[in-house]
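Given only the sequences and the hints, what does the whole structure look like? Please build it.
2 protein chains.
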Amino acid sequence: MPHDLPLVSTAHAGAHLTVEQDHGAVIRRSILPGGVRVLTQHIPGMRSATMGAWVGIGSRDEAPEHAGSTHFLEHLLFKGTPTRTALDIAEAFDQVGGESNAATAKEYTCYYARVIDTDLRMAVSTILDMVTSAKLDQADFDMERGVILEELAMSDDDPGDVAHERFSEAIHGGHPLGRPIGGTPEIIRAVTREAVCEHYERHYVPAGLVITAAGGIDHDELCAWVLEALDTGGWALDPNAVPLPRRDVTAPVKAMLTPRLILPRDIEQTHILIGSEGLRTADPRRSEMGVLSTILGAGMSSRLFQEIREKRGLAYTVYSFSSPHAETGQFGMYAGCSPSKADEVAALLNAELERMAEGITEGELARAKGQISGSTVLRLEDSYSRMSRLGKAELMFGELYSIGEALDNVRAVTADQVTALSADLANRARVEVRVGPSAA
Amino acid sequence: MPHDLPLVSTAHAGAHLTVEQDHGAVIRRSILPGGVRVLTQHIPGMRSATMGAWVGIGSRDEAPEHAGSTHFLEHLLFKGTPTRTALDIAEAFDQVGGESNAATAKEYTCYYARVIDTDLRMAVSTILDMVTSAKLDQADFDMERGVILEELAMSDDDPGDVAHERFSEAIHGGHPLGRPIGGTPEIIRAVTREAVCEHYERHYVPAGLVITAAGGIDHDELCAWVLEALDTGGWALDPNAVPLPRRDVTAPVKAMLTPRLILPRDIEQTHILIGSEGLRTADPRRSEMGVLSTILGAGMSSRLFQEIREKRGLAYTVYSFSSPHAETGQFGMYAGCSPSKADEVAALLNAELERMAEGITEGELARAKGQISGSTVLRLEDSYSRMSRLGKAELMFGELYSIGEALDNVRAVTADQVTALSADLANRARVEVRVGPSAA
Numbered sequence: 001m002p003h004d005l006p007l008v009s010t011a012h013a014g015a016h017l018t019v020e021q022d023h024g025a026v027i028r029r030s031i032l033p034g035g036v037r038v039l040t041q042h043i044p045g046m047r048s049a050t051m052g053a054w055v056g057i058g059s060r061d062e063a064p065e066h067a068g069s070t071h072f073l074e075h076l077l078f079k080g081t082p083t084r085t086a087l088d089i090a091e092a093f094d095q096v097g098g099e100s101n102a103a104t105a106k107e108y109t110c111y112y113a114r115v116i117d118t119d120l121r122m123a124v125s126t127i128l129d130m131v132t133s134a135k136l137d138q139a140d141f142d143m144e145r146g147v148i149l150e151e152l153a154m155s156d157d158d159p160g161d162v163a164h165e166r167f168s169e170a171i172h173g174g175h176p177l178g179r180p181i182g183g184t185p186e187i188i189r190a191v192t193r194e195a196v197c198e199h200y201e202r203h204y205v206p207a208g209l210v211i212t213a214a215g216g217i218d219h220d221e222l223c224a225w226v227l228e229a230l231d232t233g234g235w236a237l238d239p240n241a242v243p244l245p246r247r248d249v250t251a252p253v254k255a256m257l258t259p260r261l262i263l264p265r266d267i268e269q270t271h272i273l274i275g276s277e278g279l280r281t282a283d284p285r286r287s288e289m290g291v292l293s294t295i296l297g298a299g300m301s302s303r304l305f306q307e308i309r310e311k312r313g314l315a316y317t318v319y320s321f322s323s324p325h326a327e328t329g330q331f332g333m334y335a336g337c338s339p340s341k342a343d344e345v346a347a348l349l350n351a352e353l354e355r356m357a358e359g360i361t362e363g364e365l366a367r368a369k370g371q372i373s374g375s376t377v378l379r380l381e382d383s384y385s386r387m388s389r390l391g392k393a394e395l396m397f398g399e400l401y402s403i404g405e406a407l408d409n410v411r412a413v414t415a416d417q418v419t420a421l422s423a424d425l426a427n428r429a430r431v432e433v434r435v436g437p438s439a440a
Numbered sequence: 001m002p003h004d005l006p007l008v009s010t011a012h013a014g015a016h017l018t019v020e021q022d023h024g025a026v027i028r029r030s031i032l033p034g035g036v037r038v039l040t041q042h043i044p045g046m047r048s049a050t051m052g053a054w055v056g057i058g059s060r061d062e063a064p065e066h067a068g069s070t071h072f073l074e075h076l077l078f079k080g081t082p083t084r085t086a087l088d089i090a091e092a093f094d095q096v097g098g099e100s101n102a103a104t105a106k107e108y109t110c111y112y113a114r115v116i117d118t119d120l121r122m123a124v125s126t127i128l129d130m131v132t133s134a135k136l137d138q139a140d141f142d143m144e145r146g147v148i149l150e151e152l153a154m155s156d157d158d159p160g161d162v163a164h165e166r167f168s169e170a171i172h173g174g175h176p177l178g179r180p181i182g183g184t185p186e187i188i189r190a191v192t193r194e195a196v197c198e199h200y201e202r203h204y205v206p207a208g209l210v211i212t213a214a215g216g217i218d219h220d221e222l223c224a225w226v227l228e229a230l231d232t233g234g235w236a237l238d239p240n241a242v243p244l245p246r247r248d249v250t251a252p253v254k255a256m257l258t259p260r261l262i263l264p265r266d267i268e269q270t271h272i273l274i275g276s277e278g279l280r281t282a283d284p285r286r287s288e289m290g291v292l293s294t295i296l297g298a299g300m301s302s303r304l305f306q307e308i309r310e311k312r313g314l315a316y317t318v319y320s321f322s323s324p325h326a327e328t329g330q331f332g333m334y335a336g337c338s339p340s341k342a343d344e345v346a347a348l349l350n351a352e353l354e355r356m357a358e359g360i361t362e363g364e365l366a367r368a369k370g371q372i373s374g375s376t377v378l379r380l381e382d383s384y385s386r387m388s389r390l391g392k393a394e395l396m397f398g399e400l401y402s403i404g405e406a407l408d409n410v411r412a413v414t415a416d417q418v419t420a421l422s423a424d425l426a427n428r429a430r431v432e433v434r435v436g437p438s439a440a
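Residue numbers (this note's numbering), protein chains in the order written: chain R, 1 to 440; chain Y, 1 to 440.
No lab work stands behind these hints, which were simulated from the structure alone.
Keep in mind that the hints are not guaranteed to be accurate.
[To be verified] Sample of chain R residues with no beta-carbon within 12 Å of chain Y, all distances over it, derived:
no., residue
1, His-42
2, Pro-159
3, Arg-265
4, Ser-301
5, Ala-351
6, Glu-358
[Said to hold, decoys possible] Which chain R residues face chain Y? A few, computed with CB under 10 Å, are given here:
no., residue
7, Ile-89
8, Glu-144
9, Ala-347
10, Asn-350
Note that beta-carbon positions come from the ideal geometry of N, C-alpha and C, so glycine has one too.
Here is the structure:
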């Protein structure tokens, strides 16, 4: 059994934790004054370093009339501080060849940068200046509204994106998880600077901040740079503060399914999504879900790819996915196909899910475990991926698994467990979304 | 001045070349019997290995009535050999968590795999079985036609993709470089198996094959595995054969510009591309072009991003690009914007190109050099990127620059050189493509 590290969100400042040897890289976690959490993974020999500043707040935390304000705020943080203009921020990363960006998700927001290790102090200082001291000027706010409307227009012109957003709506209905992350053009045109500022002031606080980093870094040095940057940003750090607790993962969510959602579009392909409520983040069956998704819909040897693309030539893109949230989740299958074949492809997607519930072979089980292990090891060479894993472990899972432990969990999965989970999913009420020229 | 390694495409089998120390990784190049070229870069401490099998033939080499047959063939290679079914090939890579795929470009085709180093022999054996012994069954051919038609439909539903394809057409007119790589649905519905087979038999030959690999690999071991796999595949390897020469890079190309190309689409955004003929691959000004593109349109601090997105909020995505081909090339600027702002954005794109010709600051020059150097060093951690660099060096450039030499070339660029190149580009006849709801 994996060694589940204790949740440490109640630990005071000064608490430290070290996970020994995780594929040659030690994970360390410290609580700084203010309840600021820092998690790092030093990777010997790596020249790059990726750091992220996380807040465990996303689009699901918005009031309906402010939908999209989390994403709006993410954009505004790049518009400058009292000591750095937007151009200063852009030049700081560009001139060292670094990548900096941010991601707003339903349950978190993350600002990150990947740089050569010798530029990491600059990255920490710049990103934490944005986090602590964003100006949020009215003029910048008005200008960025136009950029966000273009981003929404671009997404609306991508029928695959549209299908996925509608799928969330079909699964979660009026629940905030069912809304698009970026909001709608109507709300973005109406949202006020005050709503965005209120969001910033309430949620960008020391006890909510998580800093993660991986690659060519030194944990103690990074902690010192974080404290220095937060001090420069004027954040008062209470030495007795504790980190904010994780989001409640046990709250029941009432399903509000829309069984069939059709969006007509005058395009070449029909985009089909079929699925149901999935597993929540902390579901103990998440390793089984990994194996199930791999056999059903990940890679060229998966059942969906073989049945729909290889044997019948009906689609170019076909896969399954699992998107866990704190207390609920989504499980789905996607295919893009000719409108004239949409009914046939939808029937095949349903049939393959049901066939999973009839059992899997030992060969499929062994190959899926090999696929998950191999791809995990290959991902270790990417400092962004390790940085991101630490942030999600802290904010979503509340457990700091080592990679070795995660792989042990996958190796322990049995065929019967996968079949049982498949049967569970196949028995759940299903929804179907179509975006394309077919009228029904 | 950089040390230009001699072109070795006339060297006999048995020729070997070593480039010492390229940021801690030695590049080696060998000519095997048959004229098969092998180029590798061992990267100390790296667990992944990426290998690619290249043929210097792409969509530009097709007769008009067979347009898309190179890409069709690329798909068919994954459909099986006498000793491996399509499922065997898919499972071989999936079960070790590897990635395998292929890319058809205008001037080359590449089949590649990224795996853990201990799985590299399997990757070489599987990919070279596909290259030497593809079955190209009629039944597979008929089935894959449907998959390719879905791929083309998907691309047609992406207005950005459509705009880029139309831009090639506007620049290169009836020249094969002006055609879409995948062909058109009409030709794909009509193309025969014989045309694809003829392409395979003519171009997939020892003297045309280039194998490149980077990461956790050993050059001599890889050469042995390549010979073993080609022998298994039944390829006769003439010990005196020389590699095929590179594509002629000096042939003049007559410009066939379409100044304005408008494609109406009922979508939210208008996609604008403005540009001209660009530099050919071997143009001695390619380092200047790298600096020019960086200042004009790469990253958040670039002039296009600042003027169009940051200062005016008119676009979400805006950038410039340079796509070199053997004897000609494309240079362009892209923005996606609201249809009502399309004229304003087009005017800004034109104005920024012309403003480049008025000169750049020393600060811009220094930052651009830092950006190119830093991002080059960051890319070194990616074995795919190094594998790909070797293939392009052999087939496109005909020179094996070390990364250190490439960076020296960039450091030597002067502001006057960038201004002169900008003036050259700004004086070239320009084309404009729009895809979107605006009628003109």
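Hints, verified against the model:
No beta-carbon of chain Y comes within 12 Å of the beta-carbon of His-42(R); the shortest separation is about 14 Å. Consistency note on Pro-159(R): stated as away from chain Y, yet its beta-carbon is not over 12 Å from all of that chain's, at 6 Å minimum. Some Cβ of chain Y comes within 12 Å of the Cβ of Arg-265(R); the nearest lies about 9 Å off, and the non-interface call is violated. Not every CB of chain Y lies more than 12 Å from the CB of Ser-301(R), the least distance being 4 Å, so the non-interface label is violated.
Non-interface call for Ala-351(R) relative to chain Y: holds, since the shortest CB-CB distance, roughly 19 Å, exceeds 12 Å. The Cβ of Glu-358(R) lies farther than 12 Å from every Cβ of chain Y, with a closest approach of about 20 Å, so its non-interface assignment holds. For Ile-89(R), the shortest C-beta to C-beta distance to chain Y is roughly 8 Å, which falls under 10 Å, so the interface hint holds. At a threshold of 10 Å, the smallest CB-CB gap from Glu-144(R) to chain Y is about 6 Å, leaving the interface hint in force.
The restraint placing Ala-347(R) at the interface with chain Y is violated, with a minimum CB-CB distance near 17 Å, outside the 10 Å limit. Using the Cβ-Cβ criterion of 10 Å, the hint placing Asn-350(R) at the interface with chain Y is not satisfied: the shortest such distance is roughly 20 Å.
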